[in-house]
Amino acid sequence: MTSSTIPGADGAAEWLRTPRTISRRVRRRVWHAITPGREGSPRGRAVEAVRRAIEAHVDGQRIAEVLPEVVDRARHFERIVPRLLPSYRRFVSKVAPPSRTTSLEVASFLVALCAERAPRRVLELGTGFASLVLRSGAIEREMEVWSIDPDAARLGRNRAFLVAEGVATERMRAVRGDELRLEGRFDLVVHELGPDSSGRLALAIERTASGGFVLLDGAHDPGAEGPARNILDSFGAEQWSLRALTRDCFGRHALLARR
Numbered sequence: 002m003t004s005s006t007i008p009g010a011d012g013a014a015e016w017l018r019t020p021r022t023i024s025r026r027v028r029r030r031v032w033h034a035i036t037p038g039r040e041g042s043p044r045g046r047a048v049e050a051v052r053r054a055i056e057a058h059v060d061g062q063r064i065a066e067v068l069p070e071v072v073d074r075a076r077h078f079e080r081i082v083p084r085l086l087p088s089y090r091r092f093v094s095k096v097a098p099p100s101r102t103t104s105l106e107v108a109s110f111l112v113a114l115c116a117e118r119a120p121r122r123v124l125e126l127g128t129g130f131a132s133l134v135l136r137s138g139a140i141e142r143e144m145e146v147w148s149i150d151p152d153a154a155r156l157g158r159n160r161a162f163l164v165a166e167g168v169a170t171e172r173m174r175a176v177r178g179d180e181l182r183l184e185g186r187f188d189l190v191v192h193e194l195g196p197d198s199s200g201r202l203a204l205a206i207e208r209t210a211s212g213g214f215v216l217l218d219g220a221h222d223p224g225a226e227g228p229a230r231n232i233l234d235s236f237g238a239e240q241w242s243l244r245a246l247t248r249d250c251f252g253r254h255a256l257l258a259r260r
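Heads up, the sequence shown is in the numbering used here, so the first residue is 2 and it goes up one at a time.
The hints are simulated quantities; they were obtained by calculation from the structure and are not laboratory data.
Computed from a prediction, not measured in an experiment: that's the story for all the values here.
We treat Cβ as the ideally placed atom computed from N, Cα and C, and that holds for glycine.
Misleading hints may appear alongside valid ones.
Now the in silico label distances, taken between C-beta atoms and shown as ranges [to be verified]: (1) Glu184 x Glu49: 39 to 47 Å; (2) Arg172 x Glu49: 34 to 42 Å; (3) Ala169 x Arg46: 43 to 51 Å; (4) Ala119 x Phe78: 19 to 27 Å; (5) Asp152 x Glu184: 22 to 30 Å; (6) Leu204 x Glu145: 13 to 21 Å; (7) Glu66 x Ala119: 17 to 25 Å; (8) Pro87 x Gly227: 35 to 43 Å; (9) Met144 x His77: 20 to 28 Å; (10) Arg177 x Arg76: 36 to 44 Å.
Given the sequences, and given the hints that come with them, work out the whole structure.
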């Protein structure tokens, strides 16, 4: 299926009725995507997987229209990765394994987003490899970055890694629960979704400037993505799945929103 084959989930039923040179198997998969399946059943999981794939395909087209420069830069993965790879290898060997680290795909999109949209104030909810990406010379822009983390031990490990890498560590704080205690608005919020992150995310979106962006890693997990999308909906935020641009070898990908 190419980008011109399926117009999106809304037009999938009409597409199925149109004579086309396409396999019965593909037609069956799309039909299952627009018909209900029992949640948790094999068919239900298959329906959800295909629905999300169609949604990601449509969102990939939408975001290319809204942020063409960012998407074009992010697609040139091979130009960005060489700047990130040495520090990434050190991070996954010393701090956290690849399966628990911001992927190079998401990091590359973050570099592209910051390079093209030039946020002045950035809030990072939860520290990790993204801390280094935002604070190092990979982005080559002056930004005021605030990093907060409810896990003081994790914050300490990441701070020590930044120091060893020669990267500034000011404005890094450990917090309790969902508190932020930060003043002003932010042009960009970066956050890794998790089972207990809804409260902090809602507070962070409140602090996001009008027209500002929220980059959410971990959107591959329906249990985390669903609540996050509900929160974004409550603020009237535009949303785009970044599966087509950021999906890694573990099946993880990110979600982008604009307030």
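To see whether the hints hold, each was checked on the structure:
| no. | hint | result |
| --- | --- | --- |
| 1 | Glu184 x Glu49: 39 to 47 Å | holds, 41 Å |
| 2 | Arg172 x Glu49: 34 to 42 Å | holds, 39 Å |
| 3 | Ala169 x Arg46: 43 to 51 Å | holds, 45 Å |
| 4 | Ala119 x Phe78: 19 to 27 Å | holds, 21 Å |
| 5 | Asp152 x Glu184: 22 to 30 Å | holds, 23 Å |
| 6 | Leu204 x Glu145: 13 to 21 Å | holds, 19 Å |
| 7 | Glu66 x Ala119: 17 to 25 Å | holds, 20 Å |
| 8 | Pro87 x Gly227: 35 to 43 Å | holds, 37 Å |
| 9 | Met144 x His77: 20 to 28 Å | holds, 22 Å |
| 10 | Arg177 x Arg76: 36 to 44 Å | holds, 40 Å |
Consistency note: the structure conflicts with none of the earlier hints.
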